[in-house]
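Visitor: Sequence:
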Amino acid sequence: EDSGNEELWKHSTYKKFGRNFALKQQTHIGHRNGTNILDKMNDADVSKQIQQMVRFIRQEAEEKANEISVSAEEEFNIEKLQIFEADKKKIKQEYDRKAKQVDVRKKIEYSMQLNASRIKVLQAQDDIVNSMKEAAGKDLLHVSDDNKAYKKLIKDLIVLSLMRLKEPAVLLRCREVDKKVVESVLEEAKKAYADKASASVPKVTIDDRVFLPPPPKGGDSHEPFCSGGVVLASQDGKIVCENTLDARLDVVFRQKLPEIRKRLLGQTSAS
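If you count by our numbering, then the sequence shown holds residues 3 to 273, one letter each, in order.
Bear in mind the hints are in silico, worked out from the structure with no lab data behind them.
Accuracy of the hints is not assured; some may be wrong.
Said to hold, decoys possible - Using 20 Å as the maximum straight-line C-alpha spacing, the simulated SDA-like pairs for lysine to any residue come out as follows:
1) Lys154 <-> Cys243
2) Lys153 <-> Leu251
3) Lys240 <-> Ala171
4) Lys182 <-> Leu143
5) Lys150 <-> Asn245
6) Lys92 <-> Ile80
7) Lys150 <-> Leu124
8) Lys205 <-> Gln237
9) Lys168 <-> Thr207
Claimed, not checked - Ranges of calculated distance between the beta carbons of each label pair, as one might list FRET restraints:
10) Lys205 <-> Lys258: 33 to 39 Å
11) Lys205 <-> Lys122: 52 to 58 Å
12) Glu81 <-> Gln61: 45 to 51 Å
13) Asp238 <-> Asp129: 40 to 46 Å
14) Ile130 <-> Arg107: 31 to 37 Å
All residues carry an ideal CB built from backbone N, CA and C; glycine is no exception.
Sequences and hints are given; from them, build the entire structure.
Guide: In structure tokens:
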């Protein structure tokens with residue numbers, strides 16, 4: 003009965019802990035029973051058993067090492083892929099950022115070039131309008147050449163100025179070369195104003211101390227000049243009506259500028 007129990011215990015021990023441990027336990031049991039199981043085995047059997055255990059241990063070690071190597075390789079590949087994807091994402095973000103910068107820079111440059119072109123166009127348009135105004139200004143210089151027509155013009159300008167001022171007494175200034183022309187039409191102009199305004203004839207004093215600038219001397223002179231006409235002011239000087247030919251030209255150009263641009267440049271506004 004003891005022999006059967008011992009065999010059952012050895013079989014269970016071998017199955018649970020392996021051959022080496024079972025062998026040691028057998029040896030221990032043998033000693034316990036007064037016998038040594040190794041004494042029953044020859045050297046060849048012992049050597050064979052040891053080699054088998056060594057191969058088993060080595061195989062287990064190799065399998066474990068292989069598992070560790072495979073696991074490490076997998077972890078390495080995963081980490082390498084993560085690093086690669088992260089770097090690729092950074093590169094794409096940097097590329098997108100620089101692409102946006104280039105796009106913004108191109109838009110700014112295009113806008114600047116477009117504005118510069120518009121400014122050049124507007125400048126060219128202004129040059130055309132100004133050249134037209136200069137040409138009209140030169141024509142004004144010849145208005146006084148026709149003495150009869152110029153006298154009528156001076157009279158009409160005086161009447162118009164009196165209508166705007168509506169003052170009982172005014173001061174009149176003209177070019178020194180036009181003083182005689184003004185004197186020749188002044189009384190007629192005063193009466194014409196009185197009839198139109200249904201008012202008494204005003205007192206008009208010609209300023210013989212301060213005259214309007216003379217006609218231009220020709221060339222590119224930058225000195226003040228006046229192409230003709232008159233300037234009337236109230237006695238206290240607070241109200242002034244400038245009716246020179248040059249002032250009238252400025253007024254007409256300001257009022258008619260949209261129409262002038264439309265006819266010259268085919269547009270309805272300065273913009």
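Visitor: Measure nothing beyond the straight line between the CA atoms of lysine 205 and glutamine 237; if it is 20 Å or shorter, mark the hint as holding.
Guide: holds (10 Å)
Visitor: Check whether the Cα positions of lysine 182 and leucine 143 lie no farther apart than 20 Å.
Guide: Within the cut-off at roughly 18 Å; holds.
Visitor: For the pair supplied as a hint, lysine 154 and cysteine 243, is the alpha-carbon distance within the 20 Å limit?
Guide: With a Cα-Cα distance of about 19 Å, the restraint between lysine 154 and cysteine 243 holds, given a limit of 20 Å.
Visitor: Between the beta carbons of glutamate 81 and glutamine 61, is the distance compatible with 45 to 51 Å?
Guide: violated (30 Å)
Visitor: If you draw a straight line from the CA of lysine 168 to the CA of threonine 207, is it 20 Å or shorter?
Guide: Given that 20 Å is the threshold and the Cα spacing comes to 15 Å, the pair holds.
Visitor: CA of lysine 92 to CA of isoleucine 80, is that 20 Å or under?
Guide: holds (18 Å)
Visitor: With respect to the beta-carbon atoms only, verify the hint that lysine 205 and lysine 258 lie 33 to 39 Å apart.
Guide: holds (36 Å)
Visitor: For the hint 31 to 37 Å, verify it against the beta carbon of isoleucine 130 and that of arginine 107.
Guide: Given range 31 to 37 Å: holds, Cβ gap about 35 Å.
Visitor: Check whether the Cα positions of lysine 153 and leucine 251 lie no farther apart than 20 Å.
Guide: Holds, because 19 Å separates the two Cα atoms, which is no more than 20 Å.
Visitor: Do aspartate 238 and aspartate 129 keep their Cβ atoms within the hinted range of 40 to 46 Å?
Guide: About 42 Å separates the Cβ atoms of aspartate 238 and aspartate 129, which means 40 to 46 Å holds.
Visitor: Between lysine 240 and alanine 171, does the CA-CA distance stay at or below 20 Å?
Guide: This hinted pair holds, its Cα atoms lying about 13 Å apart.
Visitor: Mind checking the alpha carbons of lysine 150 and asparagine 245 for me, to see if they're no more than 20 Å apart?
Guide: holds (19 Å)
Of the numbered hints stated above, those contradicted by the structure are hints 7 and 12, listed in ascending order.
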